[in-house]
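**Q** Make a model of the complete structure from these sequences and hints.
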Amino acid sequence: MAVPLNAAKANSRKLRTKRSSVSLKPIMSNRYLYLMLLPTVLYFLIFEYKPMYGAIIAFKDFNPFAGVAGSPWVGFKNFEKFFESYYFFRLLKNTFLMSFYSLLFIFPASLAFALLLNELRLKKLKSFLQTVSYLPHFISLIVICGMIIDFTKPGGIINSLLLGIGIISEPIQFLILPEWFRTIYVGSGMWQSLGWNSIIYLAALSGINPSLYEAAVVDGAGRWKQLTHITLPGILPTVLILLILNVGTLLNVGWDKIILLYNPGTYVTADVISTFVYRRGVMEADYSFSAAVGLFNSAINFALLVLANRISRKTTENSLW
Amino acid sequence: MVIKRSIPEIIFDSCNVLFLIFCSFLFLYPMWYVLVSSFSDAHAIAAGEISFWPKGFNVGAYKLVFEDQRIWTAYGNTFIYVIAGTFINLVLTTLGAYPLSRRNLEGRSLIMAFIVFTMFFSGGLIPAYLNVRELGLYDTRWALLLPGAVSAFNLIVMRTFFQSIPDSLIESAKIDGAHDFRILLRIVLPLSMPVLAVMTLFYAVGHWNSWFSAMIYLQDRNLFPLQLILREILIQSSAQNMLAGVTQDEVFRISESIKFATIIIATVPILLIYPFLQKYFVKGVMIGALKE
Numbered sequence: 101m102a103v104p105l106n107a108a109k110a111n112s113r114k115l116r117t118k119r120s121s122v123s124l125k126p127i128m129s130n131r132y133l134y135l136m137l138l139p140t141v142l143y144f145l146i147f148e149y150k151p152m153y154g155a156i157i158a159f160k161d162f163n164p165f166a167g168v169a170g171s172p173w174v175g176f177k178n179f180e181k182f183f184e185s186y187y188f189f190r191l192l193k194n195t196f197l198m199s200f201y202s203l204l205f206i207f208p209a210s211l212a213f214a215l216l217l218n219e220l221r222l223k224k225l226k227s228f229l230q231t232v233s234y235l236p237h238f239i240s241l242i243v244i245c246g247m248i249i250d251f252t253k254p255g256g257i258i259n260s261l262l263l264g265i266g267i268i269s270e271p272i273q274f275l276i277l278p279e280w281f282r283t284i285y286v287g288s289g290m291w292q293s294l295g296w297n298s299i300i301y302l303a304a305l306s307g308i309n310p311s312l313y314e315a316a317v318v319d320g321a322g323r324w325k326q327l328t329h330i331t332l333p334g335i336l337p338t339v340l341i342l343l344i345l346n347v348g349t350l351l352n353v354g355w356d357k358i359i360l361l362y363n364p365g366t367y368v369t370a371d372v373i374s375t376f377v378y379r380r381g382v383m384e385a386d387y388s389f390s391a392a393v394g395l396f397n398s399a400i401n402f403a404l405l406v407l408a409n410r411i412s413r414k415t416t417e418n419s420l421w
Numbered sequence: 004m005v006i007k008r009s010i011p012e013i014i015f016d017s018c019n020v021l022f023l024i025f026c027s028f029l030f031l032y033p034m035w036y037v038l039v040s041s042f043s044d045a046h047a048i049a050a051g052e053i054s055f056w057p058k059g060f061n062v063g064a065y066k067l068v069f070e071d072q073r074i075w076t077a078y079g080n081t082f083i084y085v086i087a088g089t090f091i092n093l094v095l096t097t098l099g100a101y102p103l104s105r106r107n108l109e110g111r112s113l114i115m116a117f118i119v120f121t122m123f124f125s126g127g128l129i130p131a132y133l134n135v136r137e138l139g140l141y142d143t144r145w146a147l148l149l150p151g152a153v154s155a156f157n158l159i160v161m162r163t164f165f166q167s168i169p170d171s172l173i174e175s176a177k178i179d180g181a182h183d184f185r186i187l188l189r190i191v192l193p194l195s196m197p198v199l200a201v202m203t204l205f206y207a208v209g210h211w212n213s214w215f216s217a218m219i220y221l222q223d224r225n226l227f228p229l230q231l232i233l234r235e236i237l238i239q240s241s242a243q244n245m246l247a248g249v250t251q252d253e254v255f256r257i258s259e260s261i262k263f264a265t266i267i268i269a270t271v272p273i274l275l276i277y278p279f280l281q282k283y284f285v286k287g288v289m290i291g292a293l294k295e
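Protein chains in written order, with this note's numbering: chain A, 101 to 421; chain B, 4 to 295.
If you are wondering where the hints come from, they were derived from the structure by calculation, not from laboratory data.
Warning: the hint list may mix true and false statements.
Claimed, not checked - Using 30 Å as the maximum straight-line C-alpha spacing, the simulated DSS-like pairs for lysine-lysine come out as follows: (1) 177/A - 193/A; (2) 193/A - 253/A; (3) 125/A - 223/A; (4) 414/A - 325/A; (5) 223/A - 282/B; (6) 181/A - 193/A; (7) 150/A - 181/A; (8) 325/A - 226/A; (9) 282/B - 253/A; (10) 253/A - 66/B; (11) 325/A - 224/A; (12) 177/A - 150/A; (13) 224/A - 282/B; (14) 282/B - 226/A; (15) 125/A - 177/B.
As the list claims (entries may be wrong) - Ranges between beta-carbon positions, derived for each pair: (16) 414/A - 197/B: 50 to 60 Å; (17) 225/A - 276/B: 35 to 45 Å; (18) 263/A - 35/B: 18 to 28 Å; (19) 70/B - 345/A: 38 to 48 Å.
Note that the Cβ used here is the ideal one computed from N, Cα and C, for glycine as well.
**A** Printed below as a string of structure tokens:
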């Protein structure tokens with residue numbers, strides 16, 4: 101439908117004058133929407149942004165009675181104390197290794213699991229497997245750690261199994277030996293999250309146009325060719341985005357599972373930045389120092405994320421923003 | 004469509020099926036083992052005799068757990084946190100997501116950026132902890148309900164869903180004179196049942212399983228959620244406390260099966276509702292698959 105040229109011009113002029121003369125109108129006509137937004141915005145201000153402001157106690161000598169604003173500034177003293185401390189390298193190494201191993205093992209395993217499920221032609225079995233694989237994600241961490249403790253103890257099923265097939269001759273006290281901690285952490289993490297992580301790949305896989313496969317079959321492509329030429333390129337953007345996110349949290353190992361499983365004997369390999377912050381901050385009330393350690397962690401994470409995002413955008417055109 | 008499969012393909016398919024069945028065994032067996040042990044005789048557990056079926060069937064452990072007042076109080080508390088917490092979550096997430104899904108809202112991308120930023124940067128544990136203390140929420144139930152009342156990720160999922168509702172529907176309701184609250188309640192929410200189900204599930208499971216904030220913010224044992232009591236029994240091994248007036252030998256004997264029974268009692272509600280909601284949360288993860 102062709103619109104006469106001058107009519108269109110007149111129209112656009114009318115629109116322009118309308119917009120410039122009453123600029124408050126779109127805001128006023130949506131006032132209920134802004135009112136609706138208010139509680140949520142307040143939540144973010146009070147529970148997310150206020151702590152960000154509160155993080156400046158890392159640069160202060162925090163005194164609970166004087167409050168955040170009233171406490172005296174000390175510059176980078178708390179950071180220097182942390183960098184010079186004996187714990188610095190140990191925490192950095194443990195934090196990095198723990199999440200690096202998780203990334204190294206769990207990330208590709210989830211992808212492989214999704215691909216294998218995708219190749220499965222028995223629909224019933226496929227949905228059963230999916231249901232079963234998500235299950236561990238819903239079991240509470242406390243229960244999972246309780247199970248880990250029970251399974252890995254000298255009389256537990258893991259030791260019984262290893263003894264039974266003759267791999268070891270004496271029970272191993274897995275949770276007492278520092279050298280086993282990362283294996284237990286990553287291994288149980290795989291059990292917990294493999295299925296759940298694969299959902300997003302399965303979603304991406306189901307988004308690939310089926311006619312591509314039909315065309316490939318007509319052209320004589322086998323299963324392997326279909327995988328390398330259609331499936332993998334099809335889910336590459338998803339894989340990359342997830343990889344960026346994972347790299348961005350490389351220094352963000354959670355305290356939850358570690359706090360439940362570690363003990364002073366395994367601190368050598370198990371203590372990470374967040375567990376250290378928890379012990380020094382919450383348990384020993386050393387607020388400024390542990391806030392500095394926490395802020396260091398947040399800042400590195402954020403920098404890693406920005407960096408990973410930039411690299412990915414430059415090289416593959418996939419990015420978070 | 005029947006495609007003739009070549010021999011290597013048949014071999015691959017069979018290996019794949021076998022491997023995946025083995026995987027599902029690995030996913031299920033730990034839970035099965037716990038279930039079987041909870042019904043077994045404690046001697047058999049200690050001797051490592053349990054593998055696939057209960058040995059010396061008994062329900063004594065369950066009896067002891069059900070007689071324990073701590074468990075009941077904690078169960079009740081957890082229900083309070085799950086119901087009240089999820090309600091707050093849903094209200095705030097909806098109120099945030101709906102306006103941000105309207106394309107004609109001035110400044111929405113700015114507000115969105117303000118929310119998304121919190122997913123990537125935070126003040127850290129200590130400032131958050133001090134914030135809760137300053138607000139006077141320490142050692143109250145509110146400490147488990149208000150912090151974390153909105154998840155930025157869930158808000159994005161919900162907003163994405165709302166955006167898929169045709170604008171014309173909302174516009175016509177507006178012309179009919181409905182204001183925004185009414186449109187949300189009468190038109191948008193009824194169309195959004197799938198995403199509401201997903202959010203309910205995500206948030207409720209989160210509350211059911213949460214323990215860390217209870218551990219750092221609560222002193223009063225009467226407010227403890229179930230997971231914190233579980234932690235005492237499973238991680239700190241204080242199952243013995245349940246057994247006042249029993250001989251030492253007996254204590255050791257029973258405390259093992261008590262652990263398994265409490266695991267089952269604390270996990271069953273989640274596992275029972277889970278199969279019914281599964282199709283919804285898969286959808287939820289898919290909607291949330293990192294869309295703008």
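**Q** Is the gap between the beta carbons of residue 414/A and residue 197/B within 50 to 60 Å?
**A** About 38 Å separates the Cβ atoms of residue 414/A and residue 197/B, which means 50 to 60 Å is violated.
**Q** Does the hinted range 38 to 48 Å hold for residue 70/B and residue 345/A at CB?
**A** The hint (38 to 48 Å, Cβ to Cβ) holds, given that residue 70/B and residue 345/A are roughly 47 Å apart.
**Q** Does the Cβ distance between residue 263/A and residue 35/B fall inside 18 to 28 Å?
**A** Holds, at about 21 Å.
**Q** Tell me if the beta carbons of residue 225/A and residue 276/B are separated by a distance inside 35 to 45 Å.
**A** Once the Cβ atoms are compared, 24 Å apart, the range 35 to 45 Å for residue 276/B and residue 225/A is violated.
**Q** Regarding the pair residue 224/A and residue 282/B, is the alpha-carbon distance no greater than 30 Å?
**A** The given pair, whose Cα atoms are some 14 Å apart, holds under the 30 Å limit.
**Q** Holds or violated: residue 150/A with residue 181/A, Cα cutoff 30 Å?
**A** Satisfied, since the Cα-Cα distance of roughly 25 Å is no more than 30 Å.
**Q** Tell me if the straight-line CA distance from residue 125/A to residue 177/B falls inside 30 Å.
**A** Holds, at roughly 16 Å.
**Q** Quick one, are residue 282/B and residue 226/A close enough, alpha carbons at most 30 Å?
**A** holds, 14 Å
**Q** Against the 30 Å threshold, does the CA-CA distance of residue 177/A and residue 193/A hold or violate the hint?
**A** Answer holds: residue 177/A to residue 193/A is near 22 Å, not above 30 Å.
**Q** Taking 30 Å as the top limit, are the C-alpha atoms of residue 325/A and residue 226/A close enough?
**A** holds, 23 Å
**Q** Need the status of pair residue 223/A, residue 282/B: alpha-carbon distance at most 30 Å?
**A** Since the Cα atoms of residue 223/A and residue 282/B sit roughly 15 Å apart, the hinted pair holds (cutoff 30 Å).
**Q** Take a quick look at whether residue 414/A and residue 325/A sit within 30 Å of each other, Cα to Cα.
**A** holds, 28 Å
Hint violations for this structure: numbers 3, 9, 16 and 17, all remaining hints satisfied.
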